[in-house]
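**Q** Taken in order, these protein sequences are the chains called F and E.
For the record, in the first sequence the residue sitting at position 297 is 297 according to my numbering, with numbers rising by one throughout.
Take the position in the second sequence, starting the count at 1, then add 1000; the result is the number in my numbering.
Source of the hints: derived by calculation from the structure; they are not laboratory data.
Backbone N, C-alpha and C fix where the C-beta goes; we use that ideal spot for every residue, glycine too.
Treat the hints loosely; a few may be bogus.
[Claimed, not checked] Derived CB-CB ranges, DEER-like:
1. 1392(E) <-> 58(F): 42 to 48 Å
2. 154(F) <-> 1094(E): 56 to 62 Å
3. 1159(E) <-> 61(F): 43 to 49 Å
[Stated by the list, open to error] Negatives, chain F to chain E, calculated, CB over 10 Å:
4. 34
5. 162
6. 314
7. 361
8. 373
Protein chains: 2
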Amino acid sequence: MTTLLEEVRPEVVLANWTNAIKRSALQEMLAAASRPGVISFALGLPAPELFPVNEFEQAVSSVLGSDPRALQYQPPFTPLKSQIVELMRRRGVYCREEQVFLTAGAQQGMNLLVRLLLEPGGQLLMEEMIYPGFQQLVEPFAPDLLLVSTDPETGMNVDEVEALLKSGRRPSFIYAITDGHNPLSVSLSRRKREKLVALASTYGVPIIEDDAYGFLSYDGPLDPPLRAMDEDWVFYVGSFSKILAPALRVGWIIVPEKLMRPLSVIKEASDIDTATFSQRTVSAYLAAGHLPNHLSRLHKEYRLRRETMHAALLEHFPAGSHWQKPKSGVFMWVELPGGLDAGELLQHAINKEQVAFVPGGAFRASTHWSQRQSLRLNFSHCAPPQIEEGVTRLARAIADVTDHAKCYDQMVPIN
Amino acid sequence: MTTLLEEVRPEVVLANWTNAIKRSALQEMLAAASRPGVISFALGLPAPELFPVNEFEQAVSSVLGSDPRALQYQPPFTPLKSQIVELMRRRGVYCREEQVFLTAGAQQGMNLLVRLLLEPGGQLLMEEMIYPGFQQLVEPFAPDLLLVSTDPETGMNVDEVEALLKSGRRPSFIYAITDGHNPLSVSLSRRKREKLVALASTYGVPIIEDDAYGFLSYDGPLDPPLRAMDEDWVFYVGSFSKILAPALRVGWIIVPEKLMRPLSVIKEASDIDTATFSQRTVSAYLAAGHLPNHLSRLHKEYRLRRETMHAALLEHFPAGSHWQKPKSGVFMWVELPGGLDAGELLQHAINKEQVAFVPGGAFRASTHWSQRQSLRLNFSHCAPPQIEEGVTRLARAIADVTDHAKCYDQMVPIN
Chain F
1 MTTLLEEVRP EVVLANWTNA IKRSALQEML AAASRPGVIS FALGLPAPEL
51 FPVNEFEQAV SSVLGSDPRA LQYQPPFTPL KSQIVELMRR RGVYCREEQV
101 FLTAGAQQGM NLLVRLLLEP GGQLLMEEMI YPGFQQLVEP FAPDLLLVST
151 DPETGMNVDE VEALLKSGRR PSFIYAITDG HNPLSVSLSR RKREKLVALA
201 STYGVPIIED DAYGFLSYDG PLDPPLRAMD EDWVFYVGSF SKILAPALRV
251 GWIIVPEKLM RPLSVIKEAS DIDTATFSQR TVSAYLAAGH LPNHLSRLHK
301 EYRLRRETMH AALLEHFPAG SHWQKPKSGV FMWVELPGGL DAGELLQHAI
351 NKEQVAFVPG GAFRASTHWS QRQSLRLNFS HCAPPQIEEG VTRLARAIAD
401 VTDHAKCYDQ MVPIN
Chain E
1001 MTTLLEEVRP EVVLANWTNA IKRSALQEML AAASRPGVIS FALGLPAPEL
1051 FPVNEFEQAV SSVLGSDPRA LQYQPPFTPL KSQIVELMRR RGVYCREEQV
1101 FLTAGAQQGM NLLVRLLLEP GGQLLMEEMI YPGFQQLVEP FAPDLLLVST
1151 DPETGMNVDE VEALLKSGRR PSFIYAITDG HNPLSVSLSR RKREKLVALA
1201 STYGVPIIED DAYGFLSYDG PLDPPLRAMD EDWVFYVGSF SKILAPALRV
1251 GWIIVPEKLM RPLSVIKEAS DIDTATFSQR TVSAYLAAGH LPNHLSRLHK
1301 EYRLRRETMH AALLEHFPAG SHWQKPKSGV FMWVELPGGL DAGELLQHAI
1351 NKEQVAFVPG GAFRASTHWS QRQSLRLNFS HCAPPQIEEG VTRLARAIAD
1401 VTDHAKCYDQ MVPIN
C-alpha cells in the first residue's frame, strides 16, 4: 500500500542570489589539497615554518599581561593605525592615521568597500581573469560587470578601461591588484599605474586597490602602489595575512577621511568591530621591531622557492610552455602548449600523481572566455625539494594526459 | 577678484542605502561612556576583572606550542564544533557537529543568516523595541518591517505574530531574543516559546534566535531556547563574547545541515573564514575544563550586581518608576514616571553627574512609537560600589531634570 496523500512540507526559502552559489573553487581545492601525500601548489598559503611563532607568543603575553581590556569590547586599536602609517612608507605611501581603517583581513576590507560603493545590479570594472574571492563577494549584488583583459607582462589593459569610460560608462569602482596579481602574477607597469589613476580622477570613478601581496618583493623594491599617486580616488586594501599570519585576520584599508564613518557603521553591523585582541597582538609584534627582519627572511626564502620552481619548470615542462618570473606575490601562471584541458589534468594530477594546482579557468569572470590550458601554481607554501618533486610529478601528469589525448585523436578517424 | 569659473570636482558616489547612515547609538555611547570619571551603564560590557586572562594565556601557549598551522589559512576548527555540541546540552539543545557553523561572534552569525534569507526590500518580523545592532545589519536591505510589541513580563507578543501570519504575511524570518532580551531584559514565557515555534513550522517561516545571553542565568536554569523545540525552523545564534571574552570574536550558529554550504560561501566571501587561531584558543580553553567554574563565577557576581542595582533603584529612584529583575542578560529596563525626556536626562546625567545610560528611544524600530521615559541600564560592567554611586548620581540627575521641567511647566501659563 502506498500513501496517496503525501504531506507537503514547507521548505526554508533562501534569498534569490543564493541559487547561484556553488561550492567555491577555493573550497574544492582546500579539500583536495589537504589529503595526505598530496603536494599542493593550489592555494596561496604562506610557508607555515616561517610563521614567527615565538615572537607572536611573546606579543600575546605582553598584551594579556599589560591590560585586561585587550579582551573587552573596544574601539579599533589606534596605535596599530599609526604603525600602519609607518609601514605604508615602505610602499611609498604617505597617509594619516585618520585615513586608516582596521579590518579582519583584506577580504573583509574589500567587502566593506564594495558594500559602501555598489548598488544591487550596479556596474563595476575589473579584469576578465581575477581573484575568485572578489568575484564571490560581489555576486550577491548581481552586478553588471565591465571586463577588460590583462597583458601577462604589463598588467590590466588600461586602454580598454579608458575606452569604456570614454564611451560613457561610469562603474561604481575599478578593482585592481597592482602587484603580485592573483592569478596572473603580473605587476602593473609604471606607465599603466599613472594612466589608471589619471583615468579614475578624471572620470570620478574610485579604484579599489588590492595590495595583499605588495610587501612581498623578490627583485628589489616594487613601484609604489596607486594609492601613492592619489588619495581621493584610490581606496587601498592591505593585510598582515601574507607577511605575518593569515589566521590572525588583521588587515586595513586606507580611504579619504570622510568615508571612515560610513565604513565604521558597515563594519559594526558586520561583526561589531571589536577584534582588539588580535589588533593589539599585531601591534605588540610590530612594536618589538620584528617585522623588518621577518620580511627580509620571507623575501629571501620565497625568492629561492620561485627560482626552484622556475628551474624545475624549465627542466621538466613541455617545450612551448610559457610563464613569467613574478616580482611579487606567491604564484606562477603557466600556459601549456597544445589542446590540453587543465581540468582533466587536475583530476589526473591529484589521483595518479598526488599533486594539486588550480586550473586557469577557475579565475574567469566571463563565461565565454576559455582558459583551458593554463595553471596557477603556488610557490610559497612548499619547501624547495617538494617544489622540485611536485613539478616533476606534474610534468609526468601532463605527458600522460597529452599521450592519452593523442591516442584519442588517432582513434577518432578510425571510427 | 573672484574666480568666476569654479572647478567642479567629481565626488565619490556611495551606494544609496548609505544615505541613511548615522553614527550609531552604540558608537555615541562608546565615545561618551569612555570619558574618564564617567560611571557607565550604557553598554552591554562584561566585567573586565572577570576575564580569565591566565587561563586564556595558557590556552594560547598550548595552541602555538602544538601546531604552527594555528596561524595558517585553515578550515573552521572541527573540535570546537563538537565542544559546542556539548555546551548546547546545558541549554537543553541536542544538535550535531554537522549543524554547527563557526562565526566571528553573534553579530556576524546574524549577518550571515540575514544575507542567506533576506531579499533586498524583503519582509521580516521583529519586535518594536530591539537590539540596534540588528536593525543596523538589516538596514542595507531596505526591508519591509513587520513589527510586534513586547510584554515586559512575558516577552514578544506572539498573538500579534500569529495575526500577521494568519493575514497572509510571509516574512523571510522572525527575529527573536529568547532570554536576556536586549533592551527589555525579559525572558520569553514557556507558553510563548511553544506557540512561536509552532507558528514558525506551521507557516514555514524560520526564526533567527539570538541567544547571546542565554548562558547567563541568575535564578536557576532558564527555559530551553526555541532551538530545543525545533531543528528545522529555528536557526540558533550563540556567542562566547558574554561568557568568555568579546575581543576573541568567536560565536556559532546552529542550522539545518543543508544550509552549511551556502553559509560557508557567504562567510568565505565576507572574511575568508579562516579565523582558526581564536577558534583553537577557545577550544584549548574549553578542553582544559575551565568553563563551568567560570560560568558559576559570572552567575554569582552578576547576580550580586543585579541585586545591588535593584536595591539602589528602590532606594533612590522616584516613586512610580518600574523595572523587572531580569533572570538573564546584563540589563535593567527602567520606566520613569511623568513626562521626563530620557534624551534630555542623558545630556544632564553625563555633563553634570558623570553617569551614562542608553535612552529607551535608541532601541525603537518604528519612528512613530515613542519611548521617551525609559532607560536601559547595564549591571554587568561596574563593580557593586560603582553601581550604587552611579544609581545615586542618576537619581540626582532625574530630580534636577524633573524640577527643571516643573519650572518650565509653571512658566508656560505666564507667557
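**Q** So, for every hint listed, does it hold in this structure?
**A** A quick look at each hint next to the structure:
1. 1392(E) <-> 58(F): 42 to 48 Å: holds (45 Å)
2. 154(F) <-> 1094(E): 56 to 62 Å: holds (59 Å)
3. 1159(E) <-> 61(F): 43 to 49 Å: violated (55 Å)
4. 34: Violated: least Cβ distance 8 Å, not greater than 10 Å.
5. 162: Holds: least Cβ distance 16 Å, greater than 10 Å.
6. 314: holds (29 Å)
7. 361: At roughly 19 Å from the nearest Cβ of chain E, residue 361(F) sits farther out than 10 Å, so the non-interface label holds.
8. 373: holds (28 Å)
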